[in-house]
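Protein chains: 2
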Amino acid sequence: MNATWSARAKKKREEVLGLIPPKWRLPRPLPSPESQKDVTADYIRQFLSEREIDITETDAVGIVERTRTGKWTATEVVTAFCHRAALAHQLTNCLLEIFFDQAIMEAERLDANLATGKGPVGPLHGLPISFKDQFHVRGVETTMGYVGWIDTFEGVKGTRKERNVESELVREVCMLGAVPFCKSNLPHTVMSGVTWNHITGHTLNPFNRLLTCGGSSGGEAALIALRGSPLGVGTDIGGSIRYPSAFNEIYGLRPSYGRLPYLGAANSMPGQNIVPSVCGPMATSARALRLLVEATLSQEPWLHDPAVVEIPWRRELATSLPSDGTRLTFGLYKTTGEVTPLPPVQRALAFVADLIRKKGHDVIEWNPPSHLEATALALEAFKADGGVDIHYNLGLAGEPPQDRVEGNYGIRATTPKPGNEVFDLVLRHKRYQKQYMDYWNSTAKLTSSGRPVDAILSPVSPVPPHLFFATTDYGKLGYTPWVNVIDSPGVVFPVTRVDKNIDKVDETYQPLTELDGKIWEEYDPEVSHGGPVGLQLVGRRFQEEKVIALAEMFQEWLA
Amino acid sequence: MNATWSARAKKKREEVLGLIPPKWRLPRPLPSPESQKDVTADYIRQFLSEREIDITETDAVGIVERTRTGKWTATEVVTAFCHRAALAHQLTNCLLEIFFDQAIMEAERLDANLATGKGPVGPLHGLPISFKDQFHVRGVETTMGYVGWIDTFEGVKGTRKERNVESELVREVCMLGAVPFCKSNLPHTVMSGVTWNHITGHTLNPFNRLLTCGGSSGGEAALIALRGSPLGVGTDIGGSIRYPSAFNEIYGLRPSYGRLPYLGAANSMPGQNIVPSVCGPMATSARALRLLVEATLSQEPWLHDPAVVEIPWRRELATSLPSDGTRLTFGLYKTTGEVTPLPPVQRALAFVADLIRKKGHDVIEWNPPSHLEATALALEAFKADGGVDIHYNLGLAGEPPQDRVEGNYGIRATTPKPGNEVFDLVLRHKRYQKQYMDYWNSTAKLTSSGRPVDAILSPVSPVPPHLFFATTDYGKLGYTPWVNVIDSPGVVFPVTRVDKNIDKVDETYQPLTELDGKIWEEYDPEVSHGGPVGLQLVGRRFQEEKVIALAEMFQEWLA
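First to last, the sequence lines map onto chains A and B. Per UniProt numbering, residue 1 is the first one in the first sequence, and the count goes up by one each step. Per UniProt numbering, residue 1 is the first one in the second sequence, and the count goes up by one each step.
It should be emphasised that the hints constitute simulated quantities derived from the structure, not laboratory data. Predicted model, so just to flag it, every value in this text is computed and none were measured. Take these hints with a grain of salt, some might be off.
Identical chains blur together in the list; that is why a pair holds if it fits in one copy or across any two.
Claimed, not checked - The calculated DSS-like cross-link candidates involving lysine-lysine, where the alpha carbons are at most 25 Å apart (straight line), are:
#1 Lys383 x Lys430
#2 Lys430 x Lys157
#3 Lys504 x Lys434
#4 Lys434 x Lys161
#5 Lys430 x Lys161
#6 Lys504 x Lys334
#7 Lys518 x Lys358
#8 Lys37 x Lys383
#9 Lys476 x Lys434
#10 Lys358 x Lys161
#11 Lys434 x Lys359
#12 Lys500 x Lys37
#13 Lys434 x Lys157
#14 Lys504 x Lys476
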């Protein structure tokens with residue numbers, strides 16, 4: 001253990017904790033995860049006033065309805081969320097940056113502005129918003145979990161950019177009236193399904209603190225699950241918004257590449273443009289996802305981020321039901337063929353498929369080109385630089401990679417893929433996308449409407465929330481990267497929680513593969529009990545409006 | 001000289017010529033380029049009937065007005081263009097594939113269909129259309145100028161795809177009623193501004209056959225200039241639609257990447273996704289460009305080509321004048337700082353700038369981030385595979401690279417750029433795009449409307465049409481790749497022709513650089529006399545509607 005980097009990490013961790021005002025500190029000793037697994041709902045509520053509970057358990061749309069009209073002051077709302085985020089952090093380690101003072105000052109400015117009678121500054125007036133620690137907020141550091149990035153700008157010292165730049169999306173939501181107040185934890189490198197780094201350590205799953213919150217946008221998911229933030233922004237390159245959203249009973253959107261501005265956010269291998277990372281909202285309601293996307297698009301981000309495509313919010317697409325009165329058809333995706341989803345995930349899928357039918361719509365089997373090929377393709381893209389970027393940044397402080405990162409990238413960089421092979425991979429990617437599109441189009445002949453399948457219903461993770469670094473890398477089981485590879489919008493919505501009395505081990509199960517056998521053998525309903533299970537709905541590229549509308553409908557149905 | 005490949009090339013060349021019906025062959029001996037430099041207008045008309053001239057000198061929009069209503073039969077129209085294309089090929093070597101019989105049969109089918117009273121099959125009913133020889137048409141070969149691709153599918157034998165596949169755009173325009181009838185010449189590899197390959201040899205500039213037609217979509221440009229086709233499709237990775245359009249007095253559009261479907265067309269380094277090639281229309285009028293883009297988008301190509309973005313044709317954007325009555329502002333781009341445009345190009349620029357002012361609009365100087373940096377960046381992307389793809393395909397027949405290809409790619413492949421450096425290049429590209437966007441936005445404070453500059457007026461080539469393989473590679477002077485690098489739509493429109501009596505050598509000119517001195521020294525008004533000069537209008541990414549509308553306005557102004 002290197003004294004230098006571990007000391008720097010510890011110092012940073014304590015600085016962050018030190019930014020929690022004494023009045024918001026929990027009584028010591030904190031309960032152990034073993035003694036208090038679930039810290040959601042009533043547990044965390046005990047530390048809050050009724051008024052604070054009322055505010056923090058209102059969704060983002062409900063909040064702006066009140067802050068825009070002055071029914072609630074921005075200051076009270078932001079302060080309540082700061083308080084609850086402080087509690088959430090003490091219970092789950094979900095934050096990496098705290099800037100409550102700065103946020104409350106901004107809220108006061110917004111209130112003063114509203115008091116002049118000029119009206120709200122925008123559709124997000126007074127809305128607290130949290131960001132995964134890849135986004136730069138003026139006045140605040142960004143480490144992305146790297147010890148070597150402390151006191152630097154993305155690893156470089158003396159740039160004058162330190163604490164002094166704003167990512168484009170941050171700038172835009174601030175223009176719209178939102179108030180950033182904290183940044184959330186993530187695995188260093190962002191390339192892991194387990195939210196752990198040397199600075200903060202593990203972010204715990206608030207529903208069962210013996211389990212991981214998933215990742216890489218895990219801090220964001222745990223924070224929002226505890227209602228420490230009504231709306232946050234994560235990133236997703238292979239499932240990093242969806243995996244933790246499913247594990248934390250929240251809504252999360254992975255938009256198509258180029259729909260929302262990513263410009264000026266930190267990232268690993270930021271030039272990797274084959275299966276690129278995207279940013280998207282995570283929230284306590286489906287309509288809050290809509291709020292963020294619609295509001296951001298009103299800023300015409302295509303005039304500020306060259307990667308954003310000029311597609312405004314299309315109100316006419318934002319409806320769940322076809323105007324011609326035909327039934328919707330959902331493609332039901334059940335298994336990769338390598339690993340079958342475990343009992344609680346199967347139950348969630350069957351339950352939602354039944355619900356769809358009960359509501360008068362159709363479900364057909366989804367048998368697309370192999371999702372394992374999509375996963376293989378994505379992993380090859382993620383490693384095309386030979387891990388040069390990741391090992392460079394780990395090397396800045398000499399910190400070792402976390403378990404999952406080492407699993408993918410080893411302990412040192414290897415030979416990068418030569419340019420011609422990078423381009424071969426691009427071609428393989430394009431061919432896969434075309435096959436997938438052709439399959440999707442071909443389902444028109446199977447639906448009652450004559451339209452191709454409206455959306456795909458799929459597991460997010462075939463396993464429920466699990467132990468931190470289990471022997472298997474559960475983040476790599478292939479149920480999420482296909483969405484990145486076809487570049488479709490995917491929305492996660494909460495469905496159920498693991499119940500050890502229902503989701504029992506199926507002793508008769510015949511594994512499909514050796515890996516499947518291992519996954520099913522490792523499953524322990526006692527361990528995963530209480531862990532949330534979410535599913536994803538996947539739509540056509542750039543049709544964020546439609547998948548969000550469908551998720552809103554599912555939220556109503558499931559309420 | 002390898003007997004095998006040269007014999008195969010010769011055989012192919014003769015087969016193509018053999019597909020011209022005897023009645024359409026020109027009397028032998030053909031006049032030499034020296035004795036008959038200009039073969040446009042009256043020269044080529046002498047071989048056509050009045051009726052054929054009437055048909056072939058009608059633009060694509062005028063044609064479909066008549067073929068859709070049955071005023072002209074598709075058969076007569078297609079046959080007239082086949083005749084004129086046959087003449088054009090004999091005069092300039094502009095074709096690489098001829099399939100007149102197949103086209104005329106298709107035209108007859110369309111006429112029969114219209115006769116049943118079912119109406120036209122689509123907006124392009126009966127419109128002849130030509131394609132650069134990267135596009136696959138069923139029943140026809142695609143060699144892309146490579147000898148090694150003869151009797152193969154993109155260089156591979158026995159795939160059963162030979163003569164049996166259709167590129168997506170070809171499929172779509174056929175669905176819309178268009179009739180492909182020939183494919184046009186190009187440099188092998190497509191990576192050259194001179195249209196020459198071992199099969200066809202040089203395509204000559206129809207206005208002055210001692211000069212090049214430019215490239216790489218040079219066959220298409222020469223064909224359309226001679227009215228052998230009303231509408232063609234070329235491709236542009238660094239200027240390949242615009243450079244030959246400017247040299248041949250036609251209109252050409254380089255759309256944004258993802259606006260039109262490229263899927264299923266052959267290409268060099270098809271996985272190169274940093275500064276990618278795009279396809280776009282070339283035609284005898286600006287409104288014909290609109291016709292092709294609007295019609296294609298009506299097919300919802302985003303449901304068939306995963307790279308196409310879901311942006312339909314937006315009628316409300318397709319107007320040249322602002323609805324608020326404000327004046328337009330054009331950014332006038334004068335020089336890269338390395339090479340100053342030669343006298344005829346300067347005259348064209350000054351003329352159009354004056355015209356803009358006379359029409360009551362504004363012109364301001366355009367001083368963007370260096371276009372030379374954009375050019376350097378594009379060349380680095382084009383060579384990131386070390387020339388592996390190009391040398392592999394040249395090697396299939398053992399043919400040597402043409403002059404300009406050798407200049408860029410040498411005589412054998414070199415070490416590809418490692419994956420991490422490929423991604424570094426992507427980042428450099430993104431940074432450049434952002435700088436450019438910021439500059440463009442900043443011009444809002446300089447315009448009378450308060451909007452950023454509406455479009456940029458720029459040279460296409462700083463030199464007019466020139467000798468085939470002059471000592472300098474005129475295709476690399478940096479006036480076109482910046483448009484690819486910022487991924488903007490660019491429309492070329494014809495302005496003037498070189499006049500040796502006006503565009504005299506300026507003996508007092510002080511060169512900016514050594515290269516500039518060379519360019520100006522090589523300029524000979526006697527040699528370039530009669531060569532067309534076009535300029536380009538560049539708009540915001542994905543705003544094809546707007547730049548086309550502006551080009552329509554310029555066409556009217558210049559008429």
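Go through the copies and call it for lysine 434 and lysine 359: within, between, both or neither, with a Cα cutoff of 25 Å.
Close neither inside one copy (32 Å) nor across copies (48 Å); limit 25 Å.
Checking lysine 430 and lysine 157: alpha-carbon separation at most 25 Å within a copy, between copies, both or neither?
between (39 Å within a copy, 22 Å between copies)
Is the C-alpha distance from lysine 476 to lysine 434 at most 25 Å within one copy, between copies, in both cases, or in neither?
For lysine 476 and lysine 434, only the intra-copy Cα distance (24 Å) is at most 25 Å; the inter-copy one is 34 Å.
Which holds for lysine 504 with lysine 334 at a C-alpha limit of 25 Å: within a copy, between copies, both or neither?
within (19 Å within a copy, 74 Å between copies)
Within, between, both or neither: lysine 434, lysine 157 at alpha-carbon 25 Å
between (44 Å within a copy, 23 Å between copies)
Within, between, both or neither, where lysine 430 and lysine 161 count as close if Cα-Cα is 25 Å or less:
between (37 Å within a copy, 19 Å between copies)
First find the shortest C-alpha distance between lysine 434 and lysine 161 inside one copy, then the shortest across copies, and answer within, between, both or neither for a cut-off of 25 Å.
Result: close only across copies, 17 Å inter versus 42 Å intra.
How do lysine 383 and lysine 430 come out at 25 Å by Cα distance, when the copy is not named: within, between, both, or neither?
both (18 Å within a copy, 21 Å between copies)
Can you tell me if lysine 504 and lysine 434 fall within 25 Å by alpha carbon in one copy, between copies, both or neither?
For lysine 504 and lysine 434, the Cα distance exceeds 25 Å both inside one copy (40 Å) and across copies (54 Å).
Quick one: lysine 500 to lysine 37, C-alpha cut-off 25 Å, is that within a copy, between copies, both, or neither?
For lysine 500 and lysine 37, only the intra-copy Cα distance (15 Å) is at most 25 Å; the inter-copy one is 88 Å.
How would you label the pair lysine 358, lysine 161 (within, between, both, or neither) given a Cα cut-off of 25 Å?
neither (56 Å within a copy, 47 Å between copies)
Alpha-carbon proximity between lysine 504 and lysine 476, which holds within one copy, between copies, both or neither at 25 Å:
Close inside one copy (24 Å), not across copies (69 Å); limit 25 Å.
In summary, the numbered hints that this structure violates are 3, 7, 8, 10, 11.
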